[in-house]
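Since chain A is already given, all that's left is putting chain B on it; use the hints.
Number of protein chains: 2
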Amino acid sequence: MSLSLYEREKPIPPEEYVRVDYGSLKKWVKNVYIKLGLLKEHAEIVADVLTMADLMGISSHGVQRVSRYVTGIKLGTVNLRPKVRIVKDFGATALIDGDNGLGHPTALYAMNVAVSKAGKYGVSLVLVKNSHHFGIAGYYSLKAAEEGFIGMTVTNSEPLVAYTHTAERYLGTNPIAVAIPRRNPPPILFDAATSVVPVGKIELYSKIGKEVPPGWAIDLEGNILSGNAKGILKAIRERKAALLPLGGLGEELGGHKGSGLSMIIDVFSGVLSGAAWGWHVRHTISDRPANVGHAIAAVNIDAFMDKDVFFDRLEKFISEIKSLRKHPKAERIWIPGEKAWLTMQTRLKIGIPIHKAVLNELKRISNEVGIPFTVNIVREKAY
Amino acid sequence: MSLSLYEREKPIPPEEYVRVDYGSLKKWVKNVYIKLGLLKEHAEIVADVLTMADLMGISSHGVQRVSRYVTGIKLGTVNLRPKVRIVKDFGATALIDGDNGLGHPTALYAMNVAVSKAGKYGVSLVLVKNSHHFGIAGYYSLKAAEEGFIGMTVTNSEPLVAYTHTAERYLGTNPIAVAIPRRNPPPILFDAATSVVPVGKIELYSKIGKEVPPGWAIDLEGNILSGNAKGILKAIRERKAALLPLGGLGEELGGHKGSGLSMIIDVFSGVLSGAAWGWHVRHTISDRPANVGHAIAAVNIDAFMDKDVFFDRLEKFISEIKSLRKHPKAERIWIPGEKAWLTMQTRLKIGIPIHKAVLNELKRISNEVGIPFTVNIVREKAY
Numbered sequence: 001m002s003l004s005l006y007e008r009e010k011p012i013p014p015e016e017y018v019r020v021d022y023g024s025l026k027k028w029v030k031n032v033y034i035k036l037g038l039l040k041e042h043a044e045i046v047a048d049v050l051t052m053a054d055l056m057g058i059s060s061h062g063v064q065r066v067s068r069y070v071t072g073i074k075l076g077t078v079n080l081r082p083k084v085r086i087v088k089d090f091g092a093t094a095l096i097d098g099d100n101g102l103g104h105p106t107a108l109y110a111m112n113v114a115v116s117k118a119g120k121y122g123v124s125l126v127l128v129k130n131s132h133h134f135g136i137a138g139y140y141s142l143k144a145a146e147e148g149f150i151g152m153t154v155t156n157s158e159p160l161v162a163y164t165h166t167a168e169r170y171l172g173t174n175p176i177a178v179a180i181p182r183r184n185p186p187p188i189l190f191d192a193a194t195s196v197v198p199v200g201k202i203e204l205y206s207k208i209g210k211e212v213p214p215g216w217a218i219d220l221e222g223n224i225l226s227g228n229a230k231g232i233l234k235a236i237r238e239r240k241a242a243l244l245p246l247g248g249l250g251e252e253l254g255g256h257k258g259s260g261l262s263m264i265i266d267v268f269s270g271v272l273s274g275a276a277w278g279w280h281v282r283h284t285i286s287d288r289p290a291n292v293g294h295a296i297a298a299v300n301i302d303a304f305m306d307k308d309v310f311f312d313r314l315e316k317f318i319s320e321i322k323s324l325r326k327h328p329k330a331e332r333i334w335i336p337g338e339k340a341w342l343t344m345q346t347r348l349k350i351g352i353p354i355h356k357a358v359l360n361e362l363k364r365i366s367n368e369v370g371i372p373f374t375v376n377i378v379r380e381k382a383y
Numbered sequence: 001m002s003l004s005l006y007e008r009e010k011p012i013p014p015e016e017y018v019r020v021d022y023g024s025l026k027k028w029v030k031n032v033y034i035k036l037g038l039l040k041e042h043a044e045i046v047a048d049v050l051t052m053a054d055l056m057g058i059s060s061h062g063v064q065r066v067s068r069y070v071t072g073i074k075l076g077t078v079n080l081r082p083k084v085r086i087v088k089d090f091g092a093t094a095l096i097d098g099d100n101g102l103g104h105p106t107a108l109y110a111m112n113v114a115v116s117k118a119g120k121y122g123v124s125l126v127l128v129k130n131s132h133h134f135g136i137a138g139y140y141s142l143k144a145a146e147e148g149f150i151g152m153t154v155t156n157s158e159p160l161v162a163y164t165h166t167a168e169r170y171l172g173t174n175p176i177a178v179a180i181p182r183r184n185p186p187p188i189l190f191d192a193a194t195s196v197v198p199v200g201k202i203e204l205y206s207k208i209g210k211e212v213p214p215g216w217a218i219d220l221e222g223n224i225l226s227g228n229a230k231g232i233l234k235a236i237r238e239r240k241a242a243l244l245p246l247g248g249l250g251e252e253l254g255g256h257k258g259s260g261l262s263m264i265i266d267v268f269s270g271v272l273s274g275a276a277w278g279w280h281v282r283h284t285i286s287d288r289p290a291n292v293g294h295a296i297a298a299v300n301i302d303a304f305m306d307k308d309v310f311f312d313r314l315e316k317f318i319s320e321i322k323s324l325r326k327h328p329k330a331e332r333i334w335i336p337g338e339k340a341w342l343t344m345q346t347r348l349k350i351g352i353p354i355h356k357a358v359l360n361e362l363k364r365i366s367n368e369v370g371i372p373f374t375v376n377i378v379r380e381k382a383y
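Chains A and B are the protein sequences, given in the same order.
According to the numbering used here, the stretch in the first sequence is residues 1 to 383, in order.
According to the numbering used here, the stretch in the second sequence is residues 1 to 383, in order.
Chain A on its own, in the form it takes in the complex:
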C-alpha cells in the first residue's frame, strides 16, 4: 500500500468534492468568528481545532460544524466573551468554569493548566464545567504531547448512546483521547468514542450512500438496525434510535464495558465537575447553554523515567507491534494516530477535500456574516 498520498477518509465520489488550501480555510474560519464577536485569540483556537479535524480526516468534526457554532452564537446559547477561570485549585488539580463560551478555547486553557501542574507535581487533573462542544478531543491531548507530556482528554456530549440493557439515547459518545509523545512525530494518538462509532460516521455513510452494518445502532424496541444510513440517522435525530456502546448489544461481546467506560467518563466530566450529565447535556443549538463538562489530565514523563530511556522503550514497543504476525485480511498494522498523521501530511500537500454541499454552506455563512469568502480552491475535483 502506497502511503505517499494516504487519506483515511477518502472523498467519494471525488466529483462531489473540491480541495481547498488549509491556510486560507483556517484564516476564513477565524474571520467568521471574529466578525461574530469572538475574541481574536479565541477565534484563532476554534479555527485551528476545526481545520485540524479536516486535516486529520475527521470531517464530521471539521468545518462542516462552523454553522453549528454560528447558530449557537446567534441564539445566544454561546457566551461570546466568557470569563474562563479557575474556581477551585488543590495543587495538582483545578476546577475551571468555562462561563458558557465555546469549548475549544476553554479546553485548551484547561490543558495548559494541566501541563503546568504536571510539570510541578508529576500528574494533574483539571475538570471543566459550563463548557460547550469542543471539537476533536485529540487536539488537546496532542498539545500536551507537543510539550513532551502525556495528555488525556475526556468529555461528555449530547445524549446519543443507549446504556447497556436499555433502548434509548442517554449517554454521550463520550470520547477518550490519549496522546503520548515519541522521539520523532507522529506521537501516539488514541482518540475514540466509547460508542461503537461516533454519530459522524453514520452522517458520513448517509452522505456517501454507504450501508450501515449491523451492530452500530438500535431502535426503541431494542432491534439492531442496519442498511440505509439516512433512515438510521433520521431515527437517531428524532430519538427513535440510539447508538450502541463499544462492545455492542448486551454483554456477550462486552457492551457493558463500553457502556461502563462511558458512564465513568460522565462521572468525571459531568457529575464531579458540576456540569450536566446524561441527557441533561445540551447541543450547541439549543434554548440554553449546553453545560458540557470535560476532564483533562497530563502526566510528566520525567517524574518516572529519563525521557530518552522512555523514548527508546516506546520505539521498541512500537516496532514489536509492527512486526507481529499480520492478519491475512489486513493491509497494514496501524499505531493509534498514524492514519490521522498521514492524512494530515497528504492534505497539507494537496489540499483538504470539502463536499460541495458543505462548500455552499460555508459561502452562505460568509454572506450572512458579511465577510468575503477567501477560501482558496486548489482543485475543482478531489482526485
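Hints are supplied without guarantee of correctness; some may be wrong.
Note that the list lumps identical chains together, so a pair holds whenever it fits in one copy or between two copies.
As the list claims (entries may be wrong) - DSBU-like mimics (lysine-lysine), calculated; alpha carbons at most 35 Å apart, straight line: (1) 326 to 120; (2) 88 to 316; (3) 83 to 316; (4) 316 to 349; (5) 316 to 240; (6) 88 to 10; (7) 120 to 381.
Calculated directly from the structure, the hints in this document are not laboratory data.
Just so you know, these numbers come straight off a predicted model, no measurement behind them.
Below, chain B alone, put in the same frame as chain A:
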C-alpha cells in the same frame, strides 16, 4: 428477578460444587502462604484478594489460583521477602519497585500511597515495576473508594490478546478498574479486561461445557473461533490462538479501540514504569520474575466538590440510568459493580461455591505444604 440470593456466576451443575465458609477459606489461604514463608501481613493481603474474587463471583481470579502462586514461590520466581519501596517521588506521583514479590501486597501499598498523595494534591499517579500478577484489579480501586476517594487501577499481564490487524498473542488482557464511592454501598465498580472477555471466561466455559460464541478468539490464520471451549482454551495456551480485543476483529465494530486502550495501558504499566510490556510480561509460573507493571491512581473528590453534593448528584445520575427504557430482552439495568456486590452478600450468607476439582487441589496443596485443611464445607452441594 429475585435478588435476595443472586449470584452472577452460578455453580453449574450444583452437584459438582460444595459451598465453603468465607472466613475459614480466607484463613486457610493465609496459613498456606505463611507456611511457605510469606510475611504474615502479606499472606493476609493475598488471602483477602483471592477470596474476595470468589465472593464477588470472579472465580477465575479466586482460590483456584492459590496453586499458581504456590508454584511460583517454589520455583523461586516470586521473592518471598520483597523490599517494596518508592524509588522515585515527584510530589503527586511515585514509582514503586515491587522487588519481584507477589503483586497483591505491592499493589495495595501503591494504592495507599496514591490515596495519601491524592489527599494532599487532589490527584495522584503511582506506577509499579517488578511486580507479579495481583488478582482482581478492582480490589485496589475499592480500597480507595472505602477511603472516600475515586480509585483507578490498570495493569499489564501475560500476552493473550491479538492487537488489531494481527493474529497472535501479544498484549495482555490489561484490565481497567475504576471504583467510585457512593453515599451508601455498593460503590460503583467498573472492572473490565480490555479484551472481549478475560481468558478466565473461556476457562469457565470449558469447565461447565458451554460453547464459546463467535467473536471471542481467533487462530493464527485470523479465523474467528467458536464452539468447543476446551479446544479453544488449549489453542490459546499453546499460542495457536489469541483473544480478541474489546470491539472484536478489525475496525468495523471498534476492535482498534479495545486494542488501542490495551496498548495505552501497557505504555503506562510497562513502558513508563520500567516493567516488562507485551510478550515480555511473564506468567507467575515461569523461569524468571514476571516483571508485571501496574498504574494506580486516586482522585480526591473534595478537590472538586463538597462530598455531599457529589453524592447527591451521583445518586441522581444512577437513578436516571435505572429508570431508562429497558431493553425488552434485559431482566434488569445494572450499574457497574452491582452484580459483584449482590453475589458477595449472597455468598457471605450461604457460602462460596468451590468446584470439587478445585477443592481437591486445595487439599493437595494443604498436604504438600504441610498444614491442616481447615476450610469449612457448609453445603455438600452448591444449591
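Hint-by-hint comparison with the structure:
no. : hint       : in the structure
1   : 326 to 120 : neither (42 Å within a copy, 47 Å between copies)
2   : 88 to 316  : between (41 Å within a copy, 24 Å between copies)
3   : 83 to 316  : between (45 Å within a copy, 29 Å between copies)
4   : 316 to 349 : within (30 Å within a copy, 51 Å between copies)
5   : 316 to 240 : between (48 Å within a copy, 24 Å between copies)
6   : 88 to 10   : neither (45 Å within a copy, 47 Å between copies)
7   : 120 to 381 : neither (50 Å within a copy, 59 Å between copies)
In summary, the numbered hints that this structure violates are 1, 6 and 7.
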